[in-house]
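A.B. asks: The residues making up each chain are set out below.
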Amino acid sequence: MASVGSRRTMIGLATLAGLIVLWFLLTTVTGLVTGARFPSPSEFWTSLTQISGRGYAGASLATHALHSLKLVAMGFSFAVLTGIPLGLWMGWSRRVEAFVNPIFLIIRPIPPLAWIPLAILWLGLGDAAKVMVIWFSAFVPSVINAFTGVRNIERPVIEAMQMLGTPRWRMIREVIVPAASPMIFTGLRLSLQASWTTLVAAELVGALVGVGFVLNMAQQDIYPGMILVGMITVGILGWATTMLLGWAERRALAWNVAARD
Amino acid sequence: MTGRPLSSLETVLLGLAGLCAFVGLWTLLSVTGIVPRQFLPTPLDVATRMIQLLSSPFAGATLPMHLASSFQRYAYGVVLAALIGVPLGLLMGWFRLLDDIVTPIFDGLRFIAPIAWVPFAALWFGTGIGGPVMIIFAGAFPPCLINAYRGARFVEPRLIEAGRMLGTPNARMILEVLLPAAVPSIIAGLRVSAGLGWQSLVGAELIVAAAGVGFMMVQAQGSVQTATVMVGMVAIGLVGMLIDVLLRQGEGWLRRRRGLEA
Amino acid sequence: MGSISFRKVDKVFGSSSGGVKALDDINLEIADKEFVAIVGPSGCGKTTCLRMVAGFEAASSGEVLVNGKAVTEPGPDRAVVFQQFALFPWKTVRENIELGLRNKNLPAPKRDELIAGALKLMSLESHANAFPHQLSGGMQQRVAIARAYVLDPVVLLMDEPFGALDAQTRVVMQEELVRLARRNPRTVLFITHAVEEAVYLADRVAIMTRRPGRIKEVLDIKTIRETENWDSHSKIEDVMDLESFVHLRTHIWKSLREEKGFKDV
Chain C
1 MASVGSRRTM IGLATLAGLI VLWFLLTTVT GLVTGARFPS PSEFWTSLTQ ISGRGYAGAS
61 LATHALHSLK LVAMGFSFAV LTGIPLGLWM GWSRRVEAFV NPIFLIIRPI PPLAWIPLAI
121 LWLGLGDAAK VMVIWFSAFV PSVINAFTGV RNIERPVIEA MQMLGTPRWR MIREVIVPAA
181 SPMIFTGLRL SLQASWTTLV AAELVGALVG VGFVLNMAQQ DIYPGMILVG MITVGILGWA
241 TTMLLGWAER RALAWNVAAR D
Chain S
1 MTGRPLSSLE TVLLGLAGLC AFVGLWTLLS VTGIVPRQFL PTPLDVATRM IQLLSSPFAG
61 ATLPMHLASS FQRYAYGVVL AALIGVPLGL LMGWFRLLDD IVTPIFDGLR FIAPIAWVPF
121 AALWFGTGIG GPVMIIFAGA FPPCLINAYR GARFVEPRLI EAGRMLGTPN ARMILEVLLP
181 AAVPSIIAGL RVSAGLGWQS LVGAELIVAA AGVGFMMVQA QGSVQTATVM VGMVAIGLVG
241 MLIDVLLRQG EGWLRRRRGL EA
Chain W
1 MGSISFRKVD KVFGSSSGGV KALDDINLEI ADKEFVAIVG PSGCGKTTCL RMVAGFEAAS
61 SGEVLVNGKA VTEPGPDRAV VFQQFALFPW KTVRENIELG LRNKNLPAPK RDELIAGALK
121 LMSLESHANA FPHQLSGGMQ QRVAIARAYV LDPVVLLMDE PFGALDAQTR VVMQEELVRL
181 ARRNPRTVLF ITHAVEEAVY LADRVAIMTR RPGRIKEVLD IKTIRETENW DSHSKIEDVM
241 DLESFVHLRT HIWKSLREEK GFKDV
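Chains as they are written, first to last, in this note's numbering: chain C, 1 to 261; chain S, 1 to 262; chain W, 1 to 265.
Check the hints yourself; a few may be wrong.
To be verified - Short, incomplete list of chain C residues facing chain S, as computed with Cβ under 7 Å:
#, residue
1, Arg8
2, Ile103
3, Pro109
4, Leu118
As the list claims (entries may be wrong) - Using C-beta positions, here's what the derived DEER-type ranges look like:
#, chain 1, residue 1, chain 2, residue 2, range
5, S, Val183, W, His133, 29 to 39 Å
6, S, Ala75, C, Gly5, 56 to 66 Å
7, W, Gln168, C, Leu19, 38 to 48 Å
8, S, Val183, W, Ala70, 37 to 47 Å
9, C, Trp122, W, Ala70, 35 to 45 Å
10, W, Gln168, S, Glu156, 28 to 38 Å
Everything labelled a hint here was simulated from the structure, so no lab data went into it.
The model shown is predicted, which means the values in this text are computed figures rather than measured ones.
The C-beta atom is built at its ideal place from N, Cα and C for all residues, glycine as well.
With the rest of the complex left out, here is chain C (with noise of 0.2 Å):
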């Protein structure tokens, strides 16, 4: 196994030198992709040094990628604290169910990004419009997942804690919640990737700062090398805050052996 981990790493970093140098190649070496169509390593180099020392779009990197981070964090955790309850109540009771289910078939299909134009005619074109939109882009799978978690417990999980004579808080926070949490942190993962993918959409339609803004005005200037800089931050963003709950998940799900087979 070590033996295929390693191969799988040569090989990985192999082709990314090969990229890098086909890069080169094809930007400073030969000229057949210009600037105007893609950054050359060295175009790149200057808007990243730009972006993080002066600044560019009217701040540094780091203030604008911190800013989409705190509308993300925002509209994730209000997402998952509104949706995960809700989910876990309407895999406990069907009234629940019965009652929300139509209103949920209705809103479901609406894409997230559909919400944007409606968020901005209603808050602006500041902060609150974008964090509306990521928290109902989140709000959809967490409630999903947190309803099917509760759904599959088995069923002489339940009848064992009722048997025991759980009294209803105890059920919630010692039973249903630990049984439902594998599925809850899947719904986590989706609700995370949305909220980015929506942050980064609703900052393209409008904003003032963050890394979508960025993209927005390193496109209006013509300017590669920036929106090459903006794609790699918010990777690297969306790489970093999967690893966080990937952790969390870890730390929460260690009891799961199902997960790790």
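Given chain C, put chains S and W in place with the hints provided.
C.D. replies: Frame of chain C; chains S and W shown alone:
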């Protein structure tokens, strides 16, 4: 969970109650002016506007025409994603080296939301059709690739061994063993891909289009025509649902044909 | 005390028209501290009987009484040991056993004392802080039994508790259960399709027909067991070799075989 499941009557009644509560609350907020009607038209306003838009144009075209433009780009993007993603996934499933090369690239790009490709799309294609198609492709491609890959990689080992024992050359192995075995996974991937593609379409059209439903919504937002914006949302939702339903039917039909379902 | 009564119990699943009749006129009286096993073909409804005493199902007609009172809901006075163990995978062995005690609002020192006793009884002391997935099937079922026992229930309900275990483990568990039952007797309702298990463990064995289930016959084991002094043999294979045992077992087999559709599982 709590005891026995509900009777159909109870389910329908509760559902209607929920629906009425939703629509009622909405209408109430709008009619009483708690939220200005300009920003929250009543459900009836939205329905009326939808009927209007079926024949009278807004932002350059009627609703059906906008939908047609959107769908055209969508179709191109998804078909392209499938034509490249599925074969590539199958090949990756068979040729380890290819897998080792492509997977790291893929993993690296995975964290960049498809929508982040919009600026490059705008730069390369302006407001032409290439822009949205590219974004849709970016959204629809991963599931096609991943599902074809998984379908091929995780084929029942006995089938591969049987193929080898019969002296099957690579090309035939892929076409006559891997591909059929991977079909269920591929179909599932196509369905997810279609869904993601439709979602990416919306995002793309909000920014880099000159026609289509997303474009219509942005224009409506600019001139504070909230009802039109909502019509757009509903239309997108309905079409998305339709696509999913049709694909599920197709998936079911195919699975039945292959005896995977009763 | 811990008596169980089934009086003219019927059970129908599904709608009143076109439903499935699972149980037909079940009448059975189980005395306090009596160990009764119900055997029968698959699907005969024997598990349903247990579930009605547990409070997970209600009788369609007739009464199910524990201690003379009708059963309305599940509770720790009628502890259940499930075939699938039903342990909480995110809780350690100790925590699994402790939950029922916490629900009874017992103070911590009392709980610790009871848990220590249960761990010792089921030979689980060294695994107190393990998670279920780290234990074998047999050990997990021991935890489930400990969890039930620690509640000091008036009635112990065991639903094919050894069904998910391999043959060797099953035998060990049967021997342990007998030791436990003799030392710490209480009312037990034990469901199984394994005839030998029923004869070995129980005071009386009720034989059910296939669906709709009826009680066909009730055999008294205890008298024979005491007369023939089965308990003087500590190993199960020695008991199963005895003529009196074989006779009882064969009788039940023949009775079950008469039920068309009976398969030797």
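A.B. asks: All hints, please: hold or fail.
C.D. replies: Outcome of the hint check:
Annotation: Arg8 of chain C was flagged as interfacial toward chain S, and the flag holds, the nearest CB pair being 5 Å apart, inside 7 Å. Because the smallest distance between the Cβ of Ile103 of chain C and any Cβ of chain S comes to about 5 Å, under 7 Å, the interface hint for this residue holds. Below 7 Å, beta-carbon pairs count as interface contacts, and Pro109 of chain C has one with chain S at about 4 Å; its hint therefore holds. Interface hint at Leu118 of chain C: satisfied, since its Cβ lies 5 Å from the closest Cβ of chain S, which is below the 7 Å cut-off.
A hinted range of 29 to 39 Å holds for the C-beta pair Val183 of chain S and His133 of chain W, which are about 35 Å apart. Taking 56 to 66 Å as the suggested C-beta distance range, the pair Ala75 of chain S and Gly5 of chain C does not conform, at roughly 41 Å. Separation of Gln168 of chain W from Leu19 of chain C is about 58 Å and departs from the stated range, judged on CB atoms against 38 to 48 Å. A hinted range of 37 to 47 Å is violated for the C-beta pair Val183 of chain S and Ala70 of chain W, which are about 56 Å apart.
Trp122 of chain C and Ala70 of chain W have their C-beta atoms about 57 Å apart, which leaves the hinted 35 to 45 Å range violated. For the pair Gln168 of chain W and Glu156 of chain S, the supplied restraint of 28 to 38 Å holds, since their beta-carbon distance comes to about 33 Å.
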